[in-house]
Structure formats: C-alpha cells, structure tokens
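A.B. asks: Letter by letter, the chains look like this.
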Amino acid sequence: MILTAVKIAIFCMAISILVLIYRVIKGPSVPDRVVALDAIGVNLIAIIGLVSIFLNTSAFLEVILLLGILSFIGTASFSKYLEKGVVFDRDRDL
Amino acid sequence: MTVTEIFNIIIVIFILIGAFLSLVAAFGVIRLPDVYTRNHAASKAATLGVMSILAGVFLFFYVKDGYFNASVILGIVFIFVTSPVSGHLISRAAYNSGVKMTDMSVHDDLKDKGKMQQK
Numbered sequence: 001m002i003l004t005a006v007k008i009a010i011f012c013m014a015i016s017i018l019v020l021i022y023r024v025i026k027g028p029s030v031p032d033r034v035v036a037l038d039a040i041g042v043n044l045i046a047i048i049g050l051v052s053i054f055l056n057t058s059a060f061l062e063v064i065l066l067l068g069i070l071s072f073i074g075t076a077s078f079s080k081y082l083e084k085g086v087v088f089d090r091d092r093d094l
Numbered sequence: 001m002t003v004t005e006i007f008n009i010i011i012v013i014f015i016l017i018g019a020f021l022s023l024v025a026a027f028g029v030i031r032l033p034d035v036y037t038r039n040h041a042a043s044k045a046a047t048l049g050v051m052s053i054l055a056g057v058f059l060f061f062y063v064k065d066g067y068f069n070a071s072v073i074l075g076i077v078f079i080f081v082t083s084p085v086s087g088h089l090i091s092r093a094a095y096n097s098g099v100k101m102t103d104m105s106v107h108d109d110l111k112d113k114g115k116m117q118q119k
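Each protein sequence line maps, in turn, to chains H and A. The letter at position 68 of the first sequence is residue 68 when you use my numbering, and the numbering goes up by one with no holes. The letter at position 101 of the second sequence is residue 101 when you use my numbering, and the numbering goes up by one with no holes.
Source of the hints: derived by calculation from the structure; they are not laboratory data. There's no promise every hint is true.
List of simulated lysine-lysine pairs, DSS-like, C-alpha gap at most 27 Å [to be verified]:
id, chain 1, residue 1, chain 2, residue 2
1, H, K80, A, K44
2, A, K64, H, K7
3, H, K84, H, K26
4, H, K80, A, K100
5, H, K7, A, K44
6, A, K111, H, K80
Keep in mind that this is a model prediction, so the values were computed, not measured.
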C-alpha cells in the first residue's frame with residue numbers, strides 16, 4: 001500500500017517539477033524564475049524523501065538538509081543580487 | 001488491525017496530502033497572473049506539502065527501524081523556518097526592482113513611499 005502511494009506521489013511531484021520548469025523557462029521577469037527555482041528545490045527535497053521510502057534505505061536522508069540549505073542560500077543571494085546589484089557588499093547594514 | 005497497519009494508513013494519508021498540495025502549488029505558479037501571487041502559491045502551499053511528505057517519511061522510518069530519526073525532524077523545522085523567509089526576500093526584491101503588479105490588483109500600500117525603506 002505504501003509503495004503504491006509513493007509511486008503516485010513521485011508521479012505528482014514529477015508533474016509539478018515539469019510545470020515549474022515551464023515557469024523557469026517562460027517566466028516574464030527574473031523574480032518569477034527565482035520563485036520557480038526555489039519551489040523546484042523544495043520539491044526535490046520531497047522527492048528525495050519519497051525515493052528513500054521507495055528504496056527502503058535511510059542513507060539519503062542527510063541530502064534533505066543539504067538541499068534545504070542550498071536552496072535557501074541560493075534564493076537569498078539571488079534576491080540580494082536583484083535588489084542591490086551585488087551579492088557580497090561591504091556595508092554592514094542590510 | 002495491527003499497529004503497523006494503522007501507521008501505514010497514516011503514512012499514506014500524509015504522503016498523498018503532500019503530493020496533492022505540491023501539485024496545487026505548481027499549478028498555482030503556472031496559472032496566477034503576477035510574481036507576487038505566484039510567490040504566495042509557491043512559498044506556502046509547497047512548504048506545507050513538503051512538510052507533510054517529510055512527516056510521512058519520518059513516520060515510515062520510525063515504524064521500520066524503531067528509532068527517532070533526528071535529521072528528518074531537523075529538515076522539517078528548517079524548511080518551516082526558511083521557506084517563508086526566502087519568499088519574503090524574493091518578493092521584496094521583486095518590488096524594489098520594479099516588477100509590475102497585475103492590472104487586477106486594487107491596492108498598493110507601498111506606492112507613496114517610493115522605494116522601500118532599506119535600513
């Protein structure tokens with residue numbers, strides 16, 4: 001029963017990642033693309049969890065933390081770049 | 001009905017709810033008119049869906065192995081904290097870099113202030 005549900009869920013996540021890739025390619029502005037990339041990162045975390053249920057191993061569960069951190073840092077640096085034009089700036093006050 | 005079967009039903013419900021919410025979030029991202037509403041869909045519905053799926057994963061490994069897998073809990077808490085923050089950051093960057101709202105929106109609180117206060 002769990003395997004069937006996991007297959008259905010992986011299919012749904014794959015469809016949602018395809019839809020988000022359409023938004024990444026088509027998106028009218030740069031923040032649209034960043035929003036879609038952030039959502040793709042979050043969906044990848046869910047797919048990793050589902051694959052680790054499907055393969056019946058807990059070896060992949062650290063990848064969840066790693067992808068979460070990378071997705072958040074990527075979105076934060078992209079937004080700072082869009083707002084100020086730089087990623088690392090010298091003034092301390094943001 | 002044993003305890004394992006009850007846990008299996010709960011895991012399946014969590015996973016299916018999460019998959020449905022992620023699908024809804026993706027279609028919201030593709031259907032909504034401008035970047036702010038798309039950000040609203042992507043940073044709330046997708047977060048709840050992924051948290052639900054990770055709760056299912058946590059319960060699965062708790063039933064299978066019988067020990068508390070702390071890294072999944074840490075992942076749930078981390079996503080719960082950081083996803084609204086990144087949504088807010090990218091929405092603020094979109095407003096400050098001059099992305100237009102859609103024509104259907106009726107109110108703009110920040111119109112008189114010009115550029116948002118950067119302190």
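A.B. asks: If you draw a straight line from the CA of H:K80 to the CA of A:K44, is it 27 Å or shorter?
C.D. replies: holds, 21 Å
A.B. asks: Given the hint that H:K84 pairs with H:K26, does the C-alpha gap stay at or below 27 Å?
C.D. replies: holds, 24 Å
A.B. asks: Within 27 Å, alpha carbon to alpha carbon, are H:K80 and A:K100?
C.D. replies: At roughly 19 Å apart (the allowed maximum being 27 Å), A:K100 and H:K80 satisfy the hint.
A.B. asks: Is the straight-line distance between the alpha-carbon of A:K64 and that of H:K7 27 Å or less?
C.D. replies: Measuring from Cα to Cα gives roughly 19 Å; hence the hint holds.
A.B. asks: Need the status of pair A:K111, H:K80: alpha-carbon distance at most 27 Å?
C.D. replies: The hint holds at about 21 Å.
A.B. asks: Between H:K7 and A:K44, is the straight-line Cα distance small enough, at 27 Å or below?
C.D. replies: Holds: H:K7 and A:K44 sit about 24 Å apart, inside 27 Å.
Hint violations for this structure: none, all hints satisfied.
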